[in-house]
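Got chain A; can you put chain B on it based on the hints?
Respectively, the protein sequence lines represent chains A and B. Numbering follows the working numbering, in which position 15 of the first sequence is assigned residue number 15; successive positions increment by one, without gaps. Numbering follows the working numbering, in which position 71 of the second sequence is assigned residue number 71; successive positions increment by one, without gaps.
Hints are supplied without guarantee of correctness; some may be wrong.
Unchecked claim - 27 Å max Cα-Cα, derived DSS-like pairs, lysine-lysine:
| id | chain 1 | residue 1 | chain 2 | residue 2 |
| --- | --- | --- | --- | --- |
| 1 | B | LYS98 | A | LYS22 |
| 2 | A | LYS40 | A | LYS19 |
| 3 | A | LYS52 | A | LYS19 |
| 4 | B | LYS68 | B | LYS98 |
| 5 | A | LYS41 | A | LYS18 |
| 6 | A | LYS52 | A | LYS36 |
| 7 | A | LYS40 | A | LYS22 |
| 8 | B | LYS52 | B | LYS98 |
| 9 | B | LYS68 | B | LYS52 |
| 10 | B | LYS98 | A | LYS40 |
| 11 | B | LYS98 | A | LYS36 |
| 12 | B | LYS98 | A | LYS52 |
| 13 | A | LYS41 | B | LYS98 |
| 14 | A | LYS52 | A | LYS40 |
These are calculated hints, taken from the structure and not from any lab test.
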Amino acid sequence: ETGVTQTPRHLVMGMTNKKSLKCEQHLGHNAMYWYKQSAKKPLELMFVYNFKEQTENNSVPSRFSPECPNSSHLFLHLHTLQPEDSALYLCASSQDLSAVITSDTQYFGPGTRLTVL
Amino acid sequence: GNSVTQMEGPVTLSEEAFLTINCTYTATGYPSLFWYVQYPGEGLQLLLKATKADDKGSNKGFEATYRKETTSFHLEKGSVQVSDSAVYFCALPDSWGKLQFGAGTQVVVTP
Numbered sequence: 001e002t003g004v005t006q007t008p009r010h011l012v013m014g015m016t017n018k019k020s021l022k023c024e025q026h027l028g029h030n031a032m033y034w035y036k037q038s039a040k041k042p043l044e045l046m047f048v049y050n051f052k053e054q055t056e057n058n059s060v061p062s063r064f065s066p067e068c069p070n071s072s073h074l075f076l077h078l079h080t081l082q083p084e085d086s087a088l089y090l091c092a093s094s095q096d097l098s099a100v101i102t103s104d105t106q107y108f109g110p111g112t113r114l115t116v117l
Numbered sequence: 001g002n003s004v005t006q007m008e009g010p011v012t013l014s015e016e017a018f019l020t021i022n023c024t025y026t027a028t029g030y031p032s033l034f035w036y037v038q039y040p041g042e043g044l045q046l047l048l049k050a051t052k053a054d055d056k057g058s059n060k061g062f063e064a065t066y067r068k069e070t071t072s073f074h075l076e077k078g079s080v081q082v083s084d085s086a087v088y089f090c091a092l093p094d095s096w097g098k099l100q101f102g103a104g105t106q107v108v109v110t111p
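The following block holds chain A by itself, in its conformation from the complex (with noise of 0.2 Å):
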């Protein structure tokens, strides 16, 4: 347990739907972050998010859409994805941006499993 809770675990969406996935830390961390994970890829990061606002949007496609109402909560609205964007979806949070930098570290939560048919 990690402090950072993903849901839902598993999604089935087909191309025409809208779905999200919510992230939540119980930390107390300012920054928080959405990464996707793919076969064979190496980890991508899409969004950041500090004392919430947007800070890095990493040339992700318009149909993924980041919101973050609070330091404690970030989602990311999907919408007319495409079969590629089957992935996991990891969220993460640390105290802020510059955690790592003072060897603090990111905290990860399980992912979210999508599969977009």
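Only chain B this time, still in chain A's reference frame:
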């Protein structure tokens, strides 16, 4: 920018064998270095870290030493168990606080 390169897997070993996973880095300055582990069906979790040159990080029987001379941070374990089967990631931060991960090395330990 800062980056890491780690050996490709999968690495298949018998129980009680010695494990080494190579990781080399390119960095400006001397950032902290991390090893993360991802067990099947789970997210990543920190395995160990080192914050400066010659530091040795250790946890669960794993060790890694921050080598400035060879820009390396190789992960080692003297006697692996089946429960060590996982994917291992080397990582370091860039100047803006984002973690740069290696491609991951899958380790399979057989009884």
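Within a Cα-Cα threshold of 27 Å, do LYS98(B) and LYS40(A) meet the stated pairing? Within the cut-off at roughly 21 Å; holds.
Need the status of pair LYS40(A), LYS22(A): alpha-carbon distance at most 27 Å? Distance of about 25 Å is within 27 Å: holds.
Restraint check for LYS52(A) with LYS19(A), where alpha carbons must lie at most 27 Å apart: The hint holds at about 22 Å.
Is the Cα-Cα distance between LYS52(A) and LYS36(A) 27 Å or less? holds (20 Å)
Below or equal to 27 Å on CA atoms is what counts here, so check LYS68(B) against LYS98(B). holds (21 Å)
Take the C-alpha atoms of LYS40(A) and LYS19(A), compute the straight-line distance between them, and say whether it is at most 27 Å. Holds, at about 25 Å.
For a C-alpha distance cap of 27 Å, please report whether LYS98(B) and LYS52(A) respect it. holds (16 Å)
Are the Cα positions of LYS41(A) and LYS98(B) separated by 27 Å at most? Within the cut-off at roughly 18 Å; holds.
Satisfaction of hint between LYS52(B) and LYS68(B), Cα-Cα up to 27 Å: Roughly 9 Å separates the two Cα atoms, so the pair holds.
Does the structure keep LYS52(A) and LYS40(A) at a Cα separation of 27 Å or less? violated (32 Å)
Given the proposed pairing of LYS52(B) with LYS98(B), does the C-alpha separation stay at or below 27 Å? OK: LYS52(B) and LYS98(B) at ~18 Å, within 27 Å.
For LYS41(A) and LYS18(A), compute the direct alpha-carbon distance and say whether it is at most 27 Å. holds (25 Å)
The structure shown violates just one earlier hint, number 14.
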